[in-house]
Every structure is written in structure tokens, then in C-alpha cells.
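Top line first, the protein sequences correspond to chains A and B.
Residues 1079 to 1446 (my numbering) are what the first sequence spells out, left to right.
Residues 46 to 122 (my numbering) are what the second sequence spells out, left to right.
Hint data in this document are derived by calculation from the structure and do not stem from the laboratory.
These numbers come from a predicted model, not from an experiment.
Fair warning: there could be bad hints in the mix.
Said to hold, decoys possible - Now the stretches of chain B that chain A is said to cover, found in silico as 3 or more residues with beta-carbon under 8 Å:
| hint | segment |
| --- | --- |
| 1 | 54–66 |
| 2 | 86–98 |
| 3 | 107–115 |
To be verified - Cut-off 27 Å, straight-line C-alpha distance, at most; resulting in silico cross-link-like pairs (DSS-like, lysine-lysine):
| hint | chain 1 | residue 1 | chain 2 | residue 2 |
| --- | --- | --- | --- | --- |
| 4 | A | Lys1112 | B | Lys61 |
| 5 | A | Lys1208 | B | Lys53 |
| 6 | A | Lys1195 | A | Lys1337 |
| 7 | A | Lys1208 | B | Lys61 |
| 8 | B | Lys61 | A | Lys1092 |
| 9 | A | Lys1245 | B | Lys53 |
| 10 | A | Lys1184 | A | Lys1195 |
| 11 | B | Lys61 | A | Lys1128 |
| 12 | A | Lys1383 | A | Lys1417 |
| 13 | A | Lys1136 | A | Lys1337 |
| 14 | A | Lys1294 | A | Lys1337 |
Virtual Cβ for every residue (Gly too), placed ideally from N, Cα, C.
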Amino acid sequence: METLNLLSDPVYAKDSVDAVIHAANRFKEKYGRKAVLMEVCGSHTMAIAKSGIKTRLKDDVQLIAGPGCPVCVTDQESIDSMIQLSQESNRILCTFGDMMRVPGSKFSLMQAKTEGKDIRVVYSPLDTLKIAEQNPDKEVIFLGIGFETTIPILALTIQEAMTKRIKNFSIWMTTKLVEPVLRNLLESGQVKVDGFILPGQVSVVLGKNRFLYLAKDYKIPGVISGFEPVQLLRGIYRLLNLLIDEKAEIINDYTYAVKDEGNQIAQNLINDYLMPNDEGWRGIGIIPESGLDLKEQYARFDAKKKFNITIQKPKMTKCRCGEIIRGLISPEDCSLFNKGCSPINPIGPCMVSAEGTCAAHYQYMREE
Amino acid sequence: MCLGVPAKVIRIEAEKALVDVMGSRMYVGIVFVPEVEINDFVLLHAGQAMTIIDEVYAKESIEEWRRVLDGNFKSTI
Chain A
1079 METLNLLSDP
1089 VYAKDSVDAV
1099 IHAANRFKEK
1109 YGRKAVLMEV
1119 CGSHTMAIAK
1129 SGIKTRLKDD
1139 VQLIAGPGCP
1149 VCVTDQESID
1159 SMIQLSQESN
1169 RILCTFGDMM
1179 RVPGSKFSLM
1189 QAKTEGKDIR
1199 VVYSPLDTLK
1209 IAEQNPDKEV
1219 IFLGIGFETT
1229 IPILALTIQE
1239 AMTKRIKNFS
1249 IWMTTKLVEP
1259 VLRNLLESGQ
1269 VKVDGFILPG
1279 QVSVVLGKNR
1289 FLYLAKDYKI
1299 PGVISGFEPV
1309 QLLRGIYRLL
1319 NLLIDEKAEI
1329 INDYTYAVKD
1339 EGNQIAQNLI
1349 NDYLMPNDEG
1359 WRGIGIIPES
1369 GLDLKEQYAR
1379 FDAKKKFNIT
1389 IQKPKMTKCR
1399 CGEIIRGLIS
1409 PEDCSLFNKG
1419 CSPINPIGPC
1429 MVSAEGTCAA
1439 HYQYMREE
Chain B
46 MCLGVPAKVI
56 RIEAEKALVD
66 VMGSRMYVGI
76 VFVPEVEIND
86 FVLLHAGQAM
96 TIIDEVYAKE
106 SIEEWRRVLD
116 GNFKSTI
């Protein structure tokens, strides 16, 4: 993997920065302003901040974070419902680590755990099935958040639960799909974006062809990129060149991992077990068919149907995560950033998640 | 949550593989990459290998970029 090591080589990255700045200047000469590029994926946001790319390019390109952090886009109502789910004594809640500290209206899963509720962090949804087998007298529920990268693994978990005839297992589904939210952002007209740095791992599942609508319907180019500094810089370079040449195209610049048609096995699993549903997004509201839920014949694995959860309507706070995930404001524009809200005492999910824009700004771009 | 770390496949057992991730060994699922072979590198997500890293494409991609950088960014890629 010597080839891949080159992708984070500092000397190579320095040359790549020069190339990006050269292209950015050509864009500025042509259009009289900086290019505005949105990185859709939360892991890209964190990688761009951590590598110093965002700070280094701040005078040349405007890089804005998009709605690609699964924790950040989960609305307050869903988070409150998931926390409420943990309150019954005969339940074991399983989740990815990021969810533990996300604040609900009253408390977080972490606080519920310290009060004695059985909440466990798992690496894979499939690990949850072992917990269910070991605890036949408890109901084991996985909090199924995630985009197209995670969704096939949720479907695989349902398949495995059926094969093993596990009856005390269910998933609380709050999955999100990239295409509906990008269409929503573009059609809302609230944020002006020249081009997209498209999510690498989501593209592993979906494939390049599933992003062609951006070029066809909106005349906006996009480049599918990997996560190492040189890959990101090259993705930005290629995107700038498409804009300079006025070409609305989708380029796959992550060819060693992403195929044009994506991963067919993963797509088939999704289609077998799941169906589109109207999903609520933080700061946006319900977007029609922007998530996936279990098909009716698998309703016994659907925690929303299995357990009756009622919550009060969440109160509005000063947290501006909803605007941050839409790329409308920068974390520094939020009055809570680095004041009431920090990684030690997060107010909103963008400060909690390992892919959150506020966490990226706080850790790598804060000026004090 | 989505960052892919390359893992080298050491052993294959039905729908599982033993992989080496930067010195740590672990079992991961290979349902999504049934064609995987020993010594392949894969990208992992939540305990599953989601794709096989194609080293030929990776090398071509680096060489292509190197040509652009060496040519002082005059050609687009």
C-alpha cells in the first residue's frame, strides 16, 4: 500500500496545494469571486479541517460543509424518542459511539447510562444480535442512524436476525439518503454552491452513476473523492477545472474504491428489506422519501412499531446546527460556539459528532 | 463514521475474513465483497468490508496527478 501512503505525503500535498491555488486563481480571474464548493460528507469535513486544507485555502476557495454527518442531521424529535426508548428496564439499547453524548431535550444517552440504563456502544449493528441471543429476556434495540454507507449493513443485520430466528431484536430506523437532501438544498435556493465534493464511502455503495442527476438536472459538477489530503486536494483541483471549463460533469476520482455502478450486493440488500419513507432532517423538516424504513413484512424488527414512544415537542434552543448542516452559516456565526457549546459541554450534535462541522472547527480551526 | 481505513485480508472463512488494520487483527464480514482474496486490501465500515481497493487504479491515479504537478498544473486531469 505504498501507493496509498503517498496520498498523505506532506511534500506531495504541498505541490497539490500549489496546483489548487493556481486553479482557484484562474476561477477568480474568470468569475470575479471565489468558488464555493460543498463537501457533502462529514468525514470529508473533518479531514479537510484536520489536514489544514480549509485554513490553507481560505483565501482561495470557499469550502462549506454539507448535510453529510448522520448524527448532525438527525432531528431533535428523533433523538428525544431514542433517549425515551432507553427508559424501560427490560431493554438494552445499542448504538454507535457518536450518539452517546448527543443532547436530547432533557438529557443524553450517556446520562441515561450513568443512571443505570443498559445502553451499549457497538462497532457493528451485527454485534447487537449476539447481545440479543445472550439476553433472551430483554428487548435489544439498535439505533439505526446512517446514510447509504451504513444502510446495507442494517439490512444485512435484519437478514441475519431472520436466519437466526431472533425475536427480541429490533432497529429504530432513522436513516438518511443523500440525493433527496441535495435536491432539497439546491431547490431551496438558500445556499449557492458551484460544485460538490461527493462522499467517497456513500459512493462505494451507490456508484458514480447515481450522482449524474446533479449535472443533468442542476448543471452542477461534482467529484467523488477519497479522504487523504492529496486526494482531497486533487478532488478540489478537478472540480475547479470543471468549473473553469464550464463542464457540468461528475468525475469519479476515487476509482480504486468506487465503481460506476456501485456495490450491487449492497443495493440489492437495501431493496430487499427497506422501502422509502418521509424522513425528518434537523433544521430542514420532513423531506419526502429521504430515508428508508423496514418493509411491512419485516415490521416485527421495527422498533417504532414494536414500542409505543411518545415525546413532547422539543423546545427551540439557540443552537444553530440546523443552519450549519445546510451550509448557511459557519460554526463561528453561532452565538453558542466556544461559549456555551464546546466538545466538553456540547449543546448540539454538530459539536458532538466525530464528523460534526462545529467539532471540526473547534478542534482544528479555532482562533484564540 | 464513514472514514475508510485499508485493511489487509489475512484469512478467509466463509462470510468472514481475518484482516490486519494497521497492526491490529480482527474479523470482518465479506458479504459485500465475495470476490475478495487473501492479500487483497479492503475498506471497512461498521465491521464489514465494503470494497476491495484496486491497486492498479490507485497507481494510475497517482501517476496521472504526478504528471500534472510536474508539468506545473498546465494540463487538466
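Right, here's what the structure says about each hint:
1. With a threshold of 8 Å between beta carbons, the proposed coverage of the segment 54–66 of chain B by chain A is violated, since 0 of its residues qualify and at least three are required.
2. Check on the segment 86–98 of chain B: 9 of its residues sit with their Cβ under 8 Å from a Cβ of chain A, so the three-residue criterion for coverage holds.
3. Given a C-beta distance limit of less than 8 Å, the hint that chain A covers the segment 107–115 of chain B holds, as 4 residues qualify and 3 suffice.
4. Between the alpha carbons of lysine 1112(A) and lysine 61(B) the distance comes to roughly 48 Å, so the proposed pair goes past 27 Å and is violated.
5. A distance of roughly 26 Å separates the Cα atoms of lysine 1208(A) and lysine 53(B); the hinted pair therefore holds under the 27 Å criterion.
6. Taking the CA atoms of lysine 1195(A) and lysine 1337(A), the gap is near 43 Å; set against the 27 Å cutoff, the hint is violated.
7. Distance check on the hinted pair: lysine 1208(A) and lysine 61(B) sit about 16 Å apart at the alpha-carbon level, within 27 Å; holds.
8. Proposed proximity of lysine 61(B) and lysine 1092(A) is contradicted: the alpha carbons are some 40 Å apart, above 27 Å.
9. With a CA separation close to 35 Å, the supplied pair lysine 1245(A) and lysine 53(B) exceeds the 27 Å bound.
10. For the hint linking lysine 1184(A) to lysine 1195(A), the alpha-carbon distance of about 15 Å falls within 27 Å, and the restraint holds.
11. Taken as a hint, the lysine 61(B) and lysine 1128(A) pair is broken in the structure, with Cα atoms around 33 Å apart against an allowance of 27 Å.
12. Between the alpha carbons of lysine 1383(A) and lysine 1417(A) the distance comes to roughly 40 Å, so the proposed pair goes past 27 Å and is violated.
13. With a C-alpha separation of about 32 Å, the suggested pair lysine 1136(A) and lysine 1337(A) falls outside the 27 Å cut-off, and the hint is violated.
14. The suggested pairing of lysine 1294(A) with lysine 1337(A) holds, with an alpha-carbon distance near 20 Å, which does not exceed 27 Å.
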